[in-house]
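Visitor: Next come the chains, spelled out residue by residue.
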Amino acid sequence: MYLILLPILFPILAGFCLLAYRKDPGRKLLTITTGICLVITGALVVVALMGTKQGLTLFHLTKKLPIYFNIDKISVIFSLLTVIVFLCAGFFSFVYMKHEQKEKRYYGYYLMAFGVLNALCFAGNLITFYLFFELLTLSSFPLVLHTGSKEAVMAGLKYLFYSLCGAYASLFGIYFLYHNCETLTFTAGGVLQISPASREGSFFLLIAFVMILGFGVKAGMFPMHAWLPTAHPAAPAPASAVLSAVIVKAGVLALIRVIYFIFGTGFLQGSWVQTAWLTLTLVTIFMGSMLAYREPVLKKRLAYSTVSQLYYILFGLAVMNEEAFTGSLLHVLAHGFIKSTLFLTAGAIIYTTGKTRVDELRGIGKKMPFTMWCYTIVSLGLIGIPPTGGFVSKWYLAMGGLTGDIGIFRYLGAAVLLVSALLTAGYLLPLTIQGFFPGADYDDTACRKQEPARLMTIPILCLTILSVLVGLFPNIITNYLTDFVSTLL
Amino acid sequence: MGPNLFVNYGEAVAAILFCIGFTNLLLQTNLIKKIIGLNIMDSAIYLFLAEKGYIAGRAAPIVTNGVTSAEAYINPIPSGLVLTGIVVSVSVSALMLSLTIRLYVRYHTLNLDEIAAQLKKEGK
Amino acid sequence: MDFICNFPFFSILLSLFSGTICSILPGKAAKIVNRVVIITVGILSGILLVYLLDSGESFVYWMGHFPAPWGNEIRAGVLEAGMALFFCIIMYLSMAGGAHKLFDEVEESKHNLYYILINLLLSSLLALVYTNDMFTAYVFVEINTISACGLIMIRQVGRTIEAAVRYMIMSLLGSGLLLFGLCIMYDLTGHLLMSNIKESVSLLIQNGEYQIPLIVSIALMCVGLCIKSALFPFHAWLPDAYGYSTVSSAAILSSLVSKGYIFLLIKIIYRVIGFDIFNSTRIIDVLFVFGLMGMIFGSLSAIKEGDIRRMIAFSSVAQIGYIYMGFGMGTQAGMVASVFHILSHAATKSLLFIAAIGLTEVSGGSRKFIDLTGAGYRNKWAGVAFTAGSLSMVGVPLFSGFISKLLFAQAAVQVEGKMLAALIVLGISTVLNAIYFMKTVIRIYTAAGDTPYPCITFKDMKVHAVVLILFVILNVLLGVSSQPIVNMIEQGLAMFA
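Chains as they are written, first to last, in this note's numbering: chain R, 1 to 489; chain P, 1001 to 1124; chain S, 2001 to 2497.
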């Protein structure tokens, strides 16, 4: 029964020990230890997922507020994504972090964030979730300000400030829910027993909106997205990969939990909250793509792309029907794999060439063909060209949008998805084109092969393959989810 | 209200004195004047208490001529309170005065604002 | 009557007399006496608490065996005993944590004086907690003020003396108002014992007599105690007093002295005026508004502050605002939240003060933020403890601050008219808290290039580190197992009625 605690406590404790250990263990030992810890944690997650049959109440904060862990299918999907991305980015960083300082601190917080994320996936009620949501902010923000430059510290502060504000906005809602609900345990279909038409109901719609905005901060929802393009590029590349692929997904997970497991879709369907939410998501999708299109710095461009892509997911959640929800979960996986690959390739490029702007990277495909091939494949995936991962998820999202009971958004959604896909092509592919076809005036003779070390290329390859697999065999996931999704709606 | 005020003129005076003392303690910048304000304030309260304890036509609460009936004497408790209060206010005044002396020795002024300005200049 | 019923009286007397004894002892011996007294009183209060929890009802203790309207009384219930125990714990930890600093900052010859003051402070706090007599309460309020003033100025620099003068002035204004209000109350009811006054007051209310003087009296007492506990507009003296006195004093002042007055106010509300009558006056609205303003303006001042000790002091203003906001809600739940916040704030604030001193020590004694850069690495224990305290202040779950915020919010949800105002201000103030505490935490963990200041290891600061750990544990304990404590508070408040 206590199995579920292992993948939470082990990495947190390991990270803590690493931070508390006073002497410098030397690079080799440090990376080996971290590597072992990561692998063990991954194994523990799998064991916990296999072995857990029932929830675990750890202790009670107050009478009505137990710290409670449980595993359902949502937890499985998110925790598997977490494990894979964390392992790959972790191994990648063993090489990458060579040119950064204070590696011990980095790995310490990296492990802690890993544990906290696992806890977030396993959290079985809102208060446990909130606890680890706060801890996630606290343990991930040292990763953002890791380089310690003024810019990074400011980015870190911005991240912290936005996240805390968002968390408190949601806490505001939790206060009311705590007062009005029998329990805050995540229950498929929701626990709120109020009709939206009543006077109290209209108030709770407002609460729901505040909570969506509050948790949406973590997922970079417009207009509170400003931290994301600042914070992600400031972090070291593997950390940005983790941030972009997994940690922002905590915001998505939060919204799934709050909307589908606390409020219940019946409460929000057709209300002004849904309309406002849909509007926000579409605006964010479009705006994120536009900003990414205009951005010359590669990592920043990817961060803006994250803003936009996350809102595909949230759009699917906001539609509130089965196809769209399945599409969202598929896109969570697809985007997780794709975006981490993109950030890791960007990291590999920065590591070998030291260049950060897209226009400086002409001919990069000649120097680093393998890396750029991976980049291209996942880019195609993100644009949504079959058979890669992005295609299937966007298909489901568009289908869900078209069949959904959401009025004008039915067509608007599909249109925005299409336009944004074009823009995605517009901001991702120039690097491929310039990289492989630098033009006639490019001096071929000067370039030599500069592929990075194995430890960097293998994680990139793994993630690329996975992103393709999601596209090739989406049935495994959709079949796994079918029954579960229908209980939610 | 009017006739009450007239009958209880002692209490009214006490309240006015209290206000005078209070304002002095709060607003004067000179420390000695502050302490005077403090004493006025405290005395006003003692006046109030004494006024409340006194019942016209009765004797001080000391048994005289073997009369033990409570009707003959005034209420002794307010007087007791006044005594206690005086002890407290004396010690507080002494403490304030000693603090004032220390400040004066250091900064050669009794004006609290000037002392604050000097402290700021010292920058500690 | 059981022998245990003598314990409150014993505790007060013990600390009072040990204060006198300390005056003839050398510094070292005085220190030992002081520690022993605090521990003894703590144990006595603990036993009393267990006894009261067991018996389930409060008792009244006649001083000098005179019955009700004439004699002086002590009264003990669960809340009183719990408070006394808690005060002893905090006081002991604060004393132990700041002991090494005392040697640097206070002349050797004055050490025993310091312990006299501490003992007197303890006795007056205990008396405030236990007494059932209004005038006794007043006298001990003054003793409390005098000894607190001594605690501020025991470190003889210009700032502390000035702060002590300012503290005295504000306190005297407060106690003047309290005394005047008390005299009017005596005039109206003819009693000084709390229970007797309460009967008369409810009679007055029933007959509709003397309404205005009654309100004036209640208002005067409230304002007096508000001034003394540094509610928002009356907080001008606080940053200097907490910021420059020696660290034990700062910790004790912020976490105990102001709380003693607040506890007295709670007693007055429940045992003198009556909870319902108090709530029917408009005074609670005033308290509510000033509490909210304190929460915001205290935090804003703290954000602007460039000195870590003064920043923590300003944060106290905000936290006291929380407590008064709880009073202002006028519900049982609000009161419970306030009492819990008294505990939580006391545990957190003294932790922060003691941790801050550890940080300034490794920064050449400077408390400016710029010098504190990287202090968290130089003194790891203090850094971690400060972070824990900050997290508690910000309201991260698992720490005590979260529970008190939760309780406040829960209370606010139940009050129709004040719900939104309370929750919004609670949110804003939490964010503001987060800004300045997180700013500090980041500052102390920003790597400093090369500093001339030494690192400190566990060996150099054993006592300090242990105290910090105990404080953190206390905090987490309050945060994790809050339910029994909340139950105890509810039980204690029920006994008040």
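Do not take every clue at face value.
A few chain P residues facing chain S, derived, Cβ under 10 Å [as the list claims (entries may be wrong)]:
| hint | residue |
| --- | --- |
| 1 | Gly1066 |
| 2 | Tyr1073 |
| 3 | Met1096 |
| 4 | Ala1116 |
Facing chain S, from chain P, some residues (calculated, C-beta under 10 Å) [what the hints assert, rightly or not]:
| hint | residue |
| --- | --- |
| 5 | Val1007 |
| 6 | Glu1011 |
| 7 | Val1013 |
| 8 | Asp1042 |
| 9 | Thr1084 |
| 10 | Glu1122 |
These are calculated hints, taken from the structure and not from any lab test.
Ideal Cβ placement from N, Cα and C applies to all residues, glycine included.
Visitor: A closest beta-carbon separation below 10 Å is what the hint needs, so does Met1096/P meet it against chain S?
Guide: holds, 6 Å
Visitor: Interface hint check: Asp1042/P, Cβ to nearest Cβ on chain S, cutoff 10 Å. Holds or violated?
Guide: Hint on Asp1042/P: holds, closest Cβ of chain S at ~7 Å, below 10 Å.
Visitor: Classify the hint on Ala1116/P as holds or violated, based on whether any CB of chain S lies nearer than 10 Å to its CB.
Guide: Holds: closest Cβ of chain S sits about 7 Å from Ala1116/P, inside 10 Å.
Visitor: Can Gly1066/P be said to touch chain S, with a Cβ gap under 10 Å?
Guide: Given a least distance of 22 Å, the restraint on Gly1066/P is violated.
Visitor: Does the interface hint hold: is Val1013/P within less than 10 Å of chain S, judged Cβ to Cβ?
Guide: Violated, because the Cβ-Cβ distance from Val1013/P to chain S comes to roughly 14 Å (cut-off 10 Å).
Visitor: Taking 10 Å as the limit, does the beta-carbon of Tyr1073/P come near enough to a beta-carbon in chain S?
Guide: Hint violated; Tyr1073/P Cβ to chain S Cβ min 15 Å, cut 10 Å.
Visitor: Are Val1007/P and chain S close enough, Cβ to Cβ, to be under 10 Å, as the hint says?
Guide: violated, 14 Å
Visitor: If you take the shortest Cβ to Cβ gap from Glu1011/P to chain S, is it below 10 Å?
Guide: holds, 8 Å
Visitor: How about Glu1122/P: closest beta carbon in chain S under 10 Å, or not?
Guide: holds, 7 Å
Visitor: Would you check whether Thr1084/P satisfies its interface hint, that is, whether its CB is within less than 10 Å of any CB in chain S?
Guide: holds, 6 Å
Checked against the numbered hints above, the structure violates hints 1, 2, 5, 7; every other hint is satisfied.
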